[in-house]
Amino acid sequence: MPKDSGIGASPKRREDIRFLTGLGQYTDDISLTGETHAVFARSQVATGIIKSIDTSAAENMPGVLAVFTGDDFVDVGGNPAGWLINSRDGEPMKEPKRPVLAHGKVRHVGDAYAAVIAETAEQARDAAEAIEADIDEQPAVVDMKSALAGGALVHDEIGTNQCFDWGWIEDNRAATDAAIKSAPHVTTLELVNNRLVPNAMEPRASTGVFDPGTGDYTLYTTSQNPHLTRLLICAFVLGIPENKLRVVAPDVGGGFGSKIYHYGEEALVLSAAKKLGRPVRWTASRSESFLTDAHGRDHVTKIEIACEKDGTFLAFRTETMANVGAYLSNFSTATPTFLHGTLMAGNYTVPTLYVNVKAVFTNTAPVDAYRGAGRPEATYSLERAIDKCAQELGMDPLALRRKNFIKPDQFPYAAAAGLEYDTGNYHALVDKLEELADLSGFEARRAATKATGKLRGIGVNTYIEACGIAPSNLVGVLGSRVGLYDAATVRVNATGNISVMVGAHSHGQGHETAFPQVVADMLGIDEGSIDIVHGDTSKIPFGMGTYGSRSLAVCGSAVVRATEKIINKAKKIAAHMMEASEQDVEFSEGQFSIAGTDKSVGFGDVALKAYIPHNFPIEDIEPGLEETAFYDPANFTYPAGAYACEVEVDPDTGKVTIDRFTAVDDFGNVINPMIVTGQVHGGLAQGIGQALLENCTYDENGQILSASFMDYAMPRASDLPLYTVDHSCQTPCTHNPLGVKGCGEAGAIGSPPAVVNAVINALHSGGHTDVTHIDMPVSPARVWAAMNS
Amino acid sequence: MYDFSFVKPGTVADAVTALASEDAQALGGGQTLIPTMKQRLASPAKLVSLTGIADMQGVSQSGGVLSIGGATTHAAVSAQAGGFAGLAALAGGIGDPAVRNRGTIGGSLANNDPAACYPSAALATGATIVTNTREIAADDFFQGLFETALDEGEIITAVHMPIPEASNYQKFEQPASRFALVGVFVAKYASGVRVAVTGASEGGVFRWSEAEAALGANFSPDAVSGLSVAPGDMIEDLHGSKAYRAHLVKVMTSRAVAAAG
Ligand SMILES: Cc1cc2nc3c(=O)[nH]c(=O)nc-3n(C[C@H](O)[C@H](O)[C@H](O)COP(=O)(O)OP(=O)(O)OC[C@H]3O[C@@H](n4cnc5c(N)ncnc54)[C@H](O)[C@@H]3O)c2cc1C
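Chains Z and E are the protein sequences, given in the same order. For the first sequence, the working numbering gives the first residue as 1, with consecutive numbering after it. For the second sequence, the working numbering gives the first residue as 1001, with consecutive numbering after it.
No lab work stands behind these hints, which were simulated from the structure alone. Among the hints, a few may not be true.
Pairs of lysine-lysine residues, derived as DSS-like cross-links and limited to a Cα-Cα distance of at most 30 angstroms, are as follows [to be verified]:
id, chain 1, residue 1, chain 2, residue 2
1, Z, Lys454, E, Lys1250
2, E, Lys1242, Z, Lys450
3, Z, Lys145, E, Lys1242
Bound-form chain E, shown alone:
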């Protein structure tokens, strides 16, 4: 780790100011950033912790929308998102207790790891990502591996997720990291079904539109049995081939539908 300075502001405005200085970087739970710094792969001059900002904490529900503060930990979402069981279960399945007690939804979305869990929920619910300057639709937010619509110094202050009638997240764990080798979030609304897939694609989290159409017509596990995902865009690594991941997308989608009921 290289030397850095550390501030822990109490308001979003102060955090924004602190982030304006050169090589300053936001720190959520540090579950991604700190290991990267320890390996000397990142060297921010200043860390601006967001966990002391009261406005960025907690889960609330109103008008069918779940609002989550950008610095809310996975453990808090798992405990407090009872009105949206599919999301609470997803949060409760991230990493281990130590990770869940530190890692935050804002950090996870901003990082946009192609194998992270939260991006699938944000995309499948058509969430709105609220920042200190604007609101970004999930469909516009994720822009490829570790790429998002966020500008330099922009902070995710909250995430608004329309609560589905039925939902479920199925995660097939990569054997080593236990991140998603393939994770599928299925969300059913009166207006239709949305299916978002993480872990699988070289382009990061994506919506599987054929499945959405098929499930929109018939919300049952068998509805996707005739479909297939093109393996071409899938990730291939030590833990699975393109074909295997493409196959798992279908299996996990079907299981998510079955579990969503």
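Next comes chain Z alone, as it looks inside the complex:
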């Protein structure tokens, strides 16, 4: 019997009622007395020297209150990179300043060089068009190879377009090179991990408020992590004391990473609000989203797998160029390094590996973490290369993987890429996959497809990810400039209902439903009387926000710790109420009782007592029932999975149709199976979107060619099959109290290689055995070209 409440139950998402009936309160829905509107003037060229900006005409236009340019921000700080990467030679990475508004030079199409504040958005837009900027266009750097080969520079002052040249693990380099040199078989694959535009349904928006009476600022903004945004603005950019800035991220319509980061628009609306003494609001147009949201992926990679003739892996070597765009976004340096290189061992017992990543500045929008962040890039390279290796060896692709899997009894396992996987059972995942994907029925399905003139292919892969980001001690050693713990306060009100203030931000993940399930389970009370409070630095203790599949694993653990403290204190109060010793108090199903007696008090009575402390031992117990916990994980969590995709390829047009997709994931314990399934569905849609459709393209002049939905292909329901999703293979995380691993990114990480593997398999079945790889998106045009080259 499935449970109907608490951990393991699937209550419907309570937040969906307001989202689906138009009752959500997004940043753009918040309207304030006296508000004004900001519009940005943005570069039309990829790069150019700003010779002059004449704002006089704009300043005199109707309704205009102020015009800002880069000159107004030369005395404030820049938007920093959150992670210091050192190059192989020990040199720290290059960190050019990222100003609030471009100063001296614009560096990508969409780079803002001025902003107008006016009474209405239309007036601001009219005035922004009237700004006369004399920008001397310069040759653009777009392609990473040529960016590294010399020539024009994105940032003249650093003298190179290379941000860093990172090696992982440097001590394994010689051993890896030697293993590859002497290996009986080496598979080599060059591939591109295509650049993506996040395209959250809600565009970015920010409203800045300044209260001249108190000197306090408020920022309403589309953020996945309000405290991090506050920290960046206060400590690095504007120098506002943290106690003077409240950051509110209300309902947020999706982020997928793009709303982790602080953007210049946030600093602008705050500065303008201070100057004008009136609220200043801004909402991005969809075009601005395409041009200025941090993009994702964009790697060019060469991977080699060295192995024995029987398929036993001997070494992996990866060389990657990672595009960071024109400026370093906050996590941009961590994504291609510690979220990528450290995952290159996959699920395998390879003895040694080496990863080299060169991060490259180009005249394109900044690139940063996007759902999966580095781990999809790692999984894609490795799992595509393993498929190619299987073909070259004439082995079954699953058999090759099985042969090299870490075995269940080898955990905890120190993988060659430096991480210690606490637990897992990859064989069980693949066994389950074989059953659910009906792999044994594939040949019959292939024959049926063949009769229709099409080609059927199957692709499988496994993946490992490092989630529950992240143990502060470990990431500190690796260069992180922040800690990655999280925090929660459990406030039991006098009447027994509960507010839980959490540092994780929910923007589609369902925290408002899932977190109460945990607390309800622990306290034995109705989850309907528990509410989550999040997204407001003035209401929650602290929090590092939501990304890296961390909310439940890290913040959920803080919730558990705080709830344990509540139980401990409540036991003291109960002991007093029952005139017993605290050691004798037992707590179960919402009742405190004394073993061997009929004495008991309910949780609600204890809560009331805590707030109406008549006849209360105030010298022993403080009144009130509220506890806070910070939780810092001991390790990453390691979700893993095995995916299978079946496609049909139309040989006349090259069109790929996904017929079946099976995702078997090990997320450890599952709090709300329905939400987990939904997260996997969404991740799969994004992974399949990357594999088949999405592609952000710039031309050689740095003009973005896919700057609207007319040319940037989003996945739609009709592109996706009915998924088979399973998360019954559970090896609970060994180091967090819930035994959970995180499920938000898995689908996007695990699915691209399965799709491409399936397409290659289909083409081989049609006799196109010379086609060993097609870069994503595997569009009809690309498949047809590959078949006809």
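Got chain Z sorted already, so can you dock chain E with the ligand onto it with the hints?
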């Protein structure tokens, strides 16, 4: 969007008068024009909506000709053009329901987007485009990308399409916009076969005369197998090369013939 004024006349004559003022522009379903205005790429001073003109609405059939009012929506054509199944299916495959409930045949033809669906049907049926001043043969109407024979302020009031014995439209969708990457309309008449291709050519919608001749002699999917389209004039963009589009023209033609039966 810049400021503009808006009128919604009830007759063609009133619309023509309203369009005579400076920078006035006709508004059909607004599915092309409004997004262009939102991006500030168009700035008409006045919009003259044609959707309130009763004479420009609806689908009727007489003497083997289907007549469609110039302001008839794609959804209405899809629902009401049962006598011309090939056209009803084309209309039902344009965009999504929101687009089909607003967008009009007159707007689509006047816009003459090189990837739009309707121009292929108009050309393949040898349609007559009726305006407030004259009748224009489809063969003379389409004059290249976004170019037509319409004069300033001229309104498409109706489209007359001779109903073919057999017809079909095959659209290979551009993956992002879902407009036609290549769309082929095949129409078979007693007098011969007409084949019009959209989405593919740098010159806009065109008739593939070799295919028309071959299909005229033998109306079967294989009849075009020996033919090829010169890639030189084809469009090349993010979504397909010239060679790919030229290839698709043939594949889609053959499929349209197969589906037309
Ligand atoms: C999301 C989306 C998907 C789409 N998909 C497709 C598709 O798959 N295939 C396809 O073919 N189209 C597609 N379209 C375009 C759609 O069919 C439009 O409706 C059509 O292109 C324009 O028609 P409209 O009535 O909206 O014209 P409007 O946008 O109102 O006007 C377009 C132009 O035509 C002029 N005009 C309008 N009516 C007349 C008239 N009666 N006489 C003279 N001039 C007139 C206007 O002045 C303007 O210059 C899509 C549009 C969208 C937004």
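A quick look at each hint next to the structure:
Restraint check: the Cα-Cα separation between Z/Lys454 and E/Lys1250 comes to about 18 angstroms, which is no more than 30 angstroms; the hinted pair holds. Our distance criterion of 30 angstroms between C-alpha atoms is met by E/Lys1242 and Z/Lys450, whose separation comes to about 29 angstroms. Distance check on the hinted pair: Z/Lys145 and E/Lys1242 sit about 27 angstroms apart at the alpha-carbon level, within 30 angstroms; holds.
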